[in-house]
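With the hints as constraints, model all of the structure from the sequences given.
Chains A and B are the protein sequences, given in the same order.
Heads up: the first sequence runs through residues 1 to 411, numbered per our numbering.
Heads up: the second sequence runs through residues 1 to 566, numbered per our numbering.
If you're looking for bench data, these hints aren't it; they were derived computationally from the structure.
Quantities reported herein were computed from a predicted structural model and do not represent experimental measurements.
Virtual Cβ for every residue (Gly too), placed ideally from N, Cα, C.
You can trust all of the hints, since none of them are fake.
In silico DSS-like pairs for lysine-lysine, Cα to Cα no more than 27 Å straight-line: (1) A:Lys-261 to A:Lys-367; (2) A:Lys-19 to A:Lys-71; (3) A:Lys-367 to A:Lys-260; (4) B:Lys-64 to B:Lys-96; (5) A:Lys-260 to B:Lys-541; (6) A:Lys-178 to B:Lys-541; (7) A:Lys-261 to B:Lys-541; (8) A:Lys-204 to A:Lys-91; (9) B:Lys-541 to A:Lys-19; (10) A:Lys-71 to A:Lys-185; (11) A:Lys-19 to A:Lys-178; (12) A:Lys-367 to A:Lys-204.
Listed next, with one range per pair, are the computed distances between beta-carbon atoms: (13) A:Thr-143 to B:Glu-544: 41 to 47 Å; (14) B:Glu-544 to A:Leu-123: 21 to 27 Å; (15) B:Tyr-73 to A:Leu-149: 55 to 61 Å; (16) A:His-350 to B:Ile-89: 41 to 47 Å; (17) B:Ser-146 to A:Arg-368: 47 to 53 Å; (18) A:Gln-317 to B:Ser-78: 28 to 34 Å.
For the chain B half of the interface with chain A, some residues (derived, Cβ under 8 Å), not all of them: (19) Gly-537; (20) Arg-538; (21) Thr-542; (22) Gln-543; (23) Tyr-547; (24) Leu-552; (25) Pro-555; (26) Thr-556; (27) Phe-557; (28) Arg-558; (29) Arg-560; (30) Leu-562; (31) Leu-566.
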Amino acid sequence: MFWKNDRNIIAALEVGSTKIAVAVGEIRPDGSLALLGVGESPSGQVRKCEIVDYETAQRCVYDALNDAESKTDVVLNEVYLTISGAHIRSKNVRHSLIVPDHEDEVSEYHLEELRAMAQAHALPSDYSLVHDLLQHYVLDDDTRTDNPLGLASKRLAADYHLVYGMSTRLLTTIRCVKELSIDVKNYALSSYATAQAILNRSRKMSGAVVINLGGGLTDWIAYERGAVVHSGVLGVGGDHVTNDIVAGLKIPYAKAEELKKTEGSVALEEARRDEILTLPQAYNFEERRIYRESLATIMQARQAETLEIIRQDLEAQPFWENFAGTVYLTGGASQVNGLLPLTRSIFPGHVELAHQFPLDGDQNYAKRPDLSTVMGLLRFAQRAELEAPPVRGLARVRESFKRVLAGMRLF
Amino acid sequence: MIDFNIDGPCGEGANGRVPLRVLGLGQTGIGTLDQLVLHGHNQFDLWALDTDLQTLDGSVVREKMLLGRETLYGMGASGEVELARECLIENAEELKLAASGCKHLVLLTALGGGTGAALAPHLVDLAVEDGARVIVIAATPFGFESRRRHDQAERALGRMRAHADAVLVFGNDQLLELEAAKTNLRHAFPHIDRLMSSCLDALGQMMVSDGLINLSFADMRSLFGRFAGTEVLENCWAGHGDVAAKDGAEMLVDDILASPFIPEDVLDRADNAMLCLTGGEDLSLQDVQGILEELKSRLPEDFPVAVNANMHEDCANRLRGALLLSVTRVAPEALPAAAPDELPFAEAEEIKPSTVTPVPAVSGHTQPIELPPILTEPSEVDEPAELEPFELAAAEAPAEEPAEVLAHDSLVDQDEEEEVEDDDFADAFDAEELDAQEPDWVAAQDAAPIEAASLVGPPKASPLLDAVEVPPPAAEPVADVSPELPAAEEQPPALPPKKVPELRDQLPLKHEPVILPGFAAAAGPQGELQLEQVNRGRFEKTQETIYNGENLDQPTFRRRGLMVRL
Numbered sequence: 001m002f003w004k005n006d007r008n009i010i011a012a013l014e015v016g017s018t019k020i021a022v023a024v025g026e027i028r029p030d031g032s033l034a035l036l037g038v039g040e041s042p043s044g045q046v047r048k049c050e051i052v053d054y055e056t057a058q059r060c061v062y063d064a065l066n067d068a069e070s071k072t073d074v075v076l077n078e079v080y081l082t083i084s085g086a087h088i089r090s091k092n093v094r095h096s097l098i099v100p101d102h103e104d105e106v107s108e109y110h111l112e113e114l115r116a117m118a119q120a121h122a123l124p125s126d127y128s129l130v131h132d133l134l135q136h137y138v139l140d141d142d143t144r145t146d147n148p149l150g151l152a153s154k155r156l157a158a159d160y161h162l163v164y165g166m167s168t169r170l171l172t173t174i175r176c177v178k179e180l181s182i183d184v185k186n187y188a189l190s191s192y193a194t195a196q197a198i199l200n201r202s203r204k205m206s207g208a209v210v211i212n213l214g215g216g217l218t219d220w221i222a223y224e225r226g227a228v229v230h231s232g233v234l235g236v237g238g239d240h241v242t243n244d245i246v247a248g249l250k251i252p253y254a255k256a257e258e259l260k261k262t263e264g265s266v267a268l269e270e271a272r273r274d275e276i277l278t279l280p281q282a283y284n285f286e287e288r289r290i291y292r293e294s295l296a297t298i299m300q301a302r303q304a305e306t307l308e309i310i311r312q313d314l315e316a317q318p319f320w321e322n323f324a325g326t327v328y329l330t331g332g333a334s335q336v337n338g339l340l341p342l343t344r345s346i347f348p349g350h351v352e353l354a355h356q357f358p359l360d361g362d363q364n365y366a367k368r369p370d371l372s373t374v375m376g377l378l379r380f381a382q383r384a385e386l387e388a389p390p391v392r393g394l395a396r397v398r399e400s401f402k403r404v405l406a407g408m409r410l411f
Numbered sequence: 001m002i003d004f005n006i007d008g009p010c011g012e013g014a015n016g017r018v019p020l021r022v023l024g025l026g027q028t029g030i031g032t033l034d035q036l037v038l039h040g041h042n043q044f045d046l047w048a049l050d051t052d053l054q055t056l057d058g059s060v061v062r063e064k065m066l067l068g069r070e071t072l073y074g075m076g077a078s079g080e081v082e083l084a085r086e087c088l089i090e091n092a093e094e095l096k097l098a099a100s101g102c103k104h105l106v107l108l109t110a111l112g113g114g115t116g117a118a119l120a121p122h123l124v125d126l127a128v129e130d131g132a133r134v135i136v137i138a139a140t141p142f143g144f145e146s147r148r149r150h151d152q153a154e155r156a157l158g159r160m161r162a163h164a165d166a167v168l169v170f171g172n173d174q175l176l177e178l179e180a181a182k183t184n185l186r187h188a189f190p191h192i193d194r195l196m197s198s199c200l201d202a203l204g205q206m207m208v209s210d211g212l213i214n215l216s217f218a219d220m221r222s223l224f225g226r227f228a229g230t231e232v233l234e235n236c237w238a239g240h241g242d243v244a245a246k247d248g249a250e251m252l253v254d255d256i257l258a259s260p261f262i263p264e265d266v267l268d269r270a271d272n273a274m275l276c277l278t279g280g281e282d283l284s285l286q287d288v289q290g291i292l293e294e295l296k297s298r299l300p301e302d303f304p305v306a307v308n309a310n311m312h313e314d315c316a317n318r319l320r321g322a323l324l325l326s327v328t329r330v331a332p333e334a335l336p337a338a339a340p341d342e343l344p345f346a347e348a349e350e351i352k353p354s355t356v357t358p359v360p361a362v363s364g365h366t367q368p369i370e371l372p373p374i375l376t377e378p379s380e381v382d383e384p385a386e387l388e389p390f391e392l393a394a395a396e397a398p399a400e401e402p403a404e405v406l407a408h409d410s411l412v413d414q415d416e417e418e419e420v421e422d423d424d425f426a427d428a429f430d431a432e433e434l435d436a437q438e439p440d441w442v443a444a445q446d447a448a449p450i451e452a453a454s455l456v457g458p459p460k461a462s463p464l465l466d467a468v469e470v471p472p473p474a475a476e477p478v479a480d481v482s483p484e485l486p487a488a489e490e491q492p493p494a495l496p497p498k499k500v501p502e503l504r505d506q507l508p509l510k511h512e513p514v515i516l517p518g519f520a521a522a523a524g525p526q527g528e529l530q531l532e533q534v535n536r537g538r539f540e541k542t543q544e545t546i547y548n549g550e551n552l553d554q555p556t557f558r559r560r561g562l563m564v565r566l
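Take a look at the structure:
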């Protein structure tokens, strides 16, 4: 039968403020994941990870998908999507139930009911649930366990980390992809996806905070004892640094972006006082001379402020008092010179630049921190695919036909 | 014939507004107003504002306004800024009423308490929005008070300096040296109130009265509107003297300099002075000259003193004088050590490339006259209040306004440089618009204060005498002189540690003043930082990112008042 040789292709799409990236991978029969390639397109009219101009953004998504298809020679008909934006909120909740007297042990039914209660948790109006991340179960003697099945307890509680966002904004991004005849199979919070690329089980257990310094916004997620205990999003990113440079040095945006990437630094002490950078003359642009110190002052002020806000947010969480884990930095803006010493001066514990765990397959993208989110999403997709019940019978035939038809699309 | 308007708020520029309103905010502000009323100087429009009913009840000011009636129940803000901020919402209308409808607003407050620190910057913003010119007279907390109070005072001061035209800051620590305060605490605070009220009296005399020898608002701003941040906290010292006319100049100067609020080492810190003299109907020019000479003999050589003199019928056979000493520069030791040949002043050439002919030799103490704020208020260019006496007296032809030419030229130069490239992000940022809204405030630090006393006759007198003090020929160029100013050598360290002290202290605050060909004095445009109206640039179409009341879309360095050299 023609569907027997179907490859299990998964694709992860990230609509970012700087670029739109599509990572395409293949789940091999043994369950391992191989990266086939990454398609990219600069994103226009996406600010703070939210779409400002729908048509332009959609064209950019289309370009990125096309790029990915041409690089990997596969036809995409469904993707996993990252969700982000300054509207995302999160909180920790606890739901509990009484195990009836005639049932002497915790069963699957109880866990499902707890999860249903978490999903039905009252959210602000206009907000929808993005994730209900289980932290742990609590038995009636206050012991915590990850798997209470078969244990005896009269009362069972579950702690969940709920992530939710404004429904309209979430739908805008999803609709932008769906209108291109691409199904959104599932979605994940951007910071949650990033953590999957950087943290393995042991790092999650020993405690970790992953800070993703993106172009449009900065997000962070904290793990303790293997579970997500906090996540946050701040609508400030690398674009703000560039914007500050434009305002401070009075140069055009494109020049400021280039200057930030080539000469940018947040190490004030290294910026010698009278060292001068020269922006060469170009079409419609006269030669400009800029003090390196001014550039460093502007960038350091913004980056230090962002990190301080994150620290203040973490300090307000109960877990932070006893936190002994590592702070990992990733994202495109983490490549700036001098970031590590600056972060170490702000965060008390151990800080390091994160590296993705290597994937099989195409190795060209393995060391790029700005792709850590989309790579993490690929791992998220891999796990979701493996955990999903296998498709059998007529459903499988339908899936295969769907893929064939998707290959015939005319856009 | 030159059309001549009265220089000051009583002229046509007043437009039916109250010429001068004085707001006393908080306990200190109201205490100062009380002193004013008790000494009979209540010719101004006085308003007392506080969150504490008890203080208001005890005041003799006629117009009183209790803030936060619903939230604080008239019990005061207890030094809590957050509490006092709640009044911003509850009393939005009242605050707007208090800050609007006047031509000049003087705000008296102490910044250590909650009411002053929270509401004063807001009142300044409201008044500036309404088009008033704002002078703030503020007192900073004692050195022994808590760090939190110092921080909130510094934050409030930074915000006010960004918007107000002039900010006079007195340090409460001056009281510690006071003999009366050493015996009894109760005697201390009326002294600071009295100090602020004498200072206010001098200001009011300068701005409202039609002086014989006149100083304008530009002079005021030149002396006290120089700092945009909090690199210098205490920038004003005042002394007051009142003697019989027959006692003469020597006695008056003795009386002024014996004031407890002019400490002995103040001349090491202050670098400019302003003297306001009031005499009877028989005050003569010789008297003024005598007093000025006597004063100058007590001050360091070449110490710039600007003089305002007028007559008042209440002062028959009396001589009154108020001396305001100011700091207009940051101490050189606050600047980073640099070799003499690579001082930051050299960069002025890059900033004003072609329109300026630098005069190489100007003494470090001889200060140029400040340009009128043409850039910010183009509609009021014709008002004499905007023109310094120097121009009034010297320029017969109003068309020749080199200052304006200079200002526009420099703007054009910058604009030409800043065309946004047409790229994929062409929609992103309108640099020109941003630039137009945001004058070059770094260069605004350059403008040096006045050292000219221009003799202008009574309003109806046509001949205008020019008494501009000609600066002595300079012995050495500015770049060699300024960092070694004796006046600034013993600048005390700022009271509370700042959040980013190392950066702010290291950056240079001055450039070489712009000097026009043919003019003895130099001038530079005095810009103002308009934080609230800054273009958000790339993020114009997005939802604002607000954190703790701060709009994070606006550049951090600007919100924190960091200097950026261009």
